[in-house]
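My request is simple: use the sequences and hints to build the entire structure.
Number of protein chains: 2
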Amino acid sequence: MPETFRNRIDACQQRVDAYLDEVLPLAQTTPRRLHEAMRYAVFNGGKRVRPLLVYAAGECVGASVDRLDAPAAAIELIHAFSLVHDDLPAMDDDDLRRGKPTVHIQYDEATAILAADALVPLAFSVLAKLDVAAATRVTLVQLLADACGSIGMTGGQAIDLAAEGQTLDLPTLEHMYALKTGALIHASIVSACQLREDLPAEDYEALDAFGRDIGIAFQIKDDILDIEGETHVIGKPSGSDLKLGKATYPALFGLEASRARCNELLSSAIGRLDRFGDAAAPLEWLAGYIVERGQ
Amino acid sequence: MPETFRNRIDACQQRVDAYLDEVLPLAQTTPRRLHEAMRYAVFNGGKRVRPLLVYAAGECVGASVDRLDAPAAAIELIHAFSLVHDDLPAMDDDDLRRGKPTVHIQYDEATAILAADALVPLAFSVLAKLDVAAATRVTLVQLLADACGSIGMTGGQAIDLAAEGQTLDLPTLEHMYALKTGALIHASIVSACQLREDLPAEDYEALDAFGRDIGIAFQIKDDILDIEGETHVIGKPSGSDLKLGKATYPALFGLEASRARCNELLSSAIGRLDRFGDAAAPLEWLAGYIVERGQ
Chain A
292 MPETFRNRID
302 ACQQRVDAYL
312 DEVLPLAQTT
322 PRRLHEAMRY
332 AVFNGGKRVR
342 PLLVYAAGEC
352 VGASVDRLDA
362 PAAAIELIHA
372 FSLVHDDLPA
382 MDDDDLRRGK
392 PTVHIQYDEA
402 TAILAADALV
412 PLAFSVLAKL
422 DVAAATRVTL
432 VQLLADACGS
442 IGMTGGQAID
452 LAAEGQTLDL
462 PTLEHMYALK
472 TGALIHASIV
482 SACQLREDLP
492 AEDYEALDAF
502 GRDIGIAFQI
512 KDDILDIEGE
522 THVIGKPSGS
532 DLKLGKATYP
542 ALFGLEASRA
552 RCNELLSSAI
562 GRLDRFGDAA
572 APLEWLAGYI
582 VERGQ
Chain P
292 MPETFRNRID
302 ACQQRVDAYL
312 DEVLPLAQTT
322 PRRLHEAMRY
332 AVFNGGKRVR
342 PLLVYAAGEC
352 VGASVDRLDA
362 PAAAIELIHA
372 FSLVHDDLPA
382 MDDDDLRRGK
392 PTVHIQYDEA
402 TAILAADALV
412 PLAFSVLAKL
422 DVAAATRVTL
432 VQLLADACGS
442 IGMTGGQAID
452 LAAEGQTLDL
462 PTLEHMYALK
472 TGALIHASIV
482 SACQLREDLP
492 AEDYEALDAF
502 GRDIGIAFQI
512 KDDILDIEGE
522 THVIGKPSGS
532 DLKLGKATYP
542 ALFGLEASRA
552 RCNELLSSAI
562 GRLDRFGDAA
572 APLEWLAGYI
582 VERGQ
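Quick note, the sequences are listed as chains A and P, same order.
Quick note on our numbering: the first sequence kicks off at 292 and runs consecutively.
Quick note on our numbering: the second sequence kicks off at 292 and runs consecutively.
Do not take every clue at face value.
Which copy? The list can't say, so a pair holds if one copy fits it or any two copies do.
Unchecked claim - EDC-like cross-link-like pairs, simulated, lysine to aspartate or glutamate; straight-line CA separation at most 20 angstroms:
id : residue 1 : residue 2
1  : LYS537    : ASP399
2  : LYS537    : GLU400
3  : LYS537    : GLU519
4  : LYS391    : GLU327
Simulated from the structure, these hints should not be mistaken for lab results.
Here's what the structure looks like:
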């Protein structure tokens, strides 16, 4: 990893973490157990890939970095919410995430459900408070609502659960990936675009397509890691998707085809960035990281 | 019930139901099971008390009725979401609601969690799309986010769960009620106020206070009904709060004190409406209904 990117990533992670710390109610605020669990869910050792994408896309289009904290944090809050519910006994029933007890193990199931539930309105509140034109805030609210609703992330999760033990064809599988993981990744990119006034339509379209490609690639890579990874590296027992009979790219089409599709999506995504020149370097690097990461 | 109010209530219920039917994805839309469950959760035979309050408060301040559908529907979507999660095995573990199987019984637990999760962004989306100034939409988003977050409804639910088997003092109990039930009732009133431009501050303050009083009264009445009611009337086994060791007004202070507090809150609430004259008649009638209803 080039030193400049490592520094940049550290700075962005610290930036969004400081912002999240500011907007989350203090753990001492009543109801304490709920607020503790919300913080436990959010400060979970995550890599903050979605916020990194928000900052990188913002840099690509020339948006002011101060305006990017709110969408970066809002999207991470929604991501954290989804992980807590995904881990519940009625869903994937995972006891560990990134090597730590999941929220329902660390606290209890009711607290996990409610803590995650409370992260969602907080995300919308963060967007509503952003210091930009009200019309822009409304657009950000709309983008986030679409990305996490029944025709976005939550819909993808429902298709995923229904597909356990099923054989899906390629378009159905990629549609599920586009919703389950892609919708929020895509929202990270296009939300940043809203914060640059007068962005040319062609620039928006290029980043819109970039976001779609990289969202699907991210999920395929996740599935590859689930098979290849060791428990101590990915933080949950490896092969747990296979055990659940999950419909995944590697399970249905094999590891080789999965890697090939990942690389194809990466090439396509990076091709979209040509028009932006050097301003797209962080985004290009992140796209490569998403496909080549070891965990 | 006076005939005019019965007609008005029927008309408002039909109005919000038609609007909800329009904004909810069709049951045939993929993922079908999720969308079916979302509709099952929303079209649940509920009385639509919160939408009725939105329309009545809007009439009180002279807001155009066309603008009230979105906040009425959004608040009802959030209410439906909260009922589904409250009924889960990890929470109140209820099999019946209004005489029908709860969502996790009718479908399954994972579908119930996700269907409710998907109602929340839909609520924010409905507000974001309303045909009023963007600044007003942002205010409505902020009011709803505060009302359903960790310092609103979800926080109240967390305090409620933590209080099982505990003895609470009166201020703590009323604070829990103000969050758990009051926050969304209050949001119904003040959201409607946003849709009348240039509402005098004194009018807003009067309705703000009305909303707080009536929200707490609503929950006390619910608890009284839980003890008094018969299963076939309230749709769940009577006395189920007592069985769970819930901290409720009647359990802690007795039925008589509960009825007295309800009436006190009703008087206080109705006193706030004096300044509005006849325009407040529907709101006054609804306040009475909330305290005197038999189910």
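Same-copy or cross-copy closeness of LYS391 to GLU327 [CA-CA at most 20 angstroms]: Within one copy only: 15 angstroms inside a chain, 35 angstroms across chains, cut-off 20 angstroms.
Since the copies are identical, ignore which copy is meant and state whether LYS537 and ASP399 lie within 20 angstroms (CA to CA) inside a copy, between copies, both or neither. between (26 angstroms within a copy, 18 angstroms between copies)
Can you tell me if LYS537 and GLU400 fall within 20 angstroms by alpha carbon in one copy, between copies, both or neither? For LYS537 and GLU400, only the inter-copy Cα distance (18 angstroms) is at most 20 angstroms; the intra-copy one is 23 angstroms.
How do LYS537 and GLU519 come out at 20 angstroms by Cα distance, when the copy is not named: within, between, both, or neither? Answer is within; shortest intra-copy Cα gap is 16 angstroms, inter-copy 48 angstroms.
No hint from the list above goes unmet by this structure.
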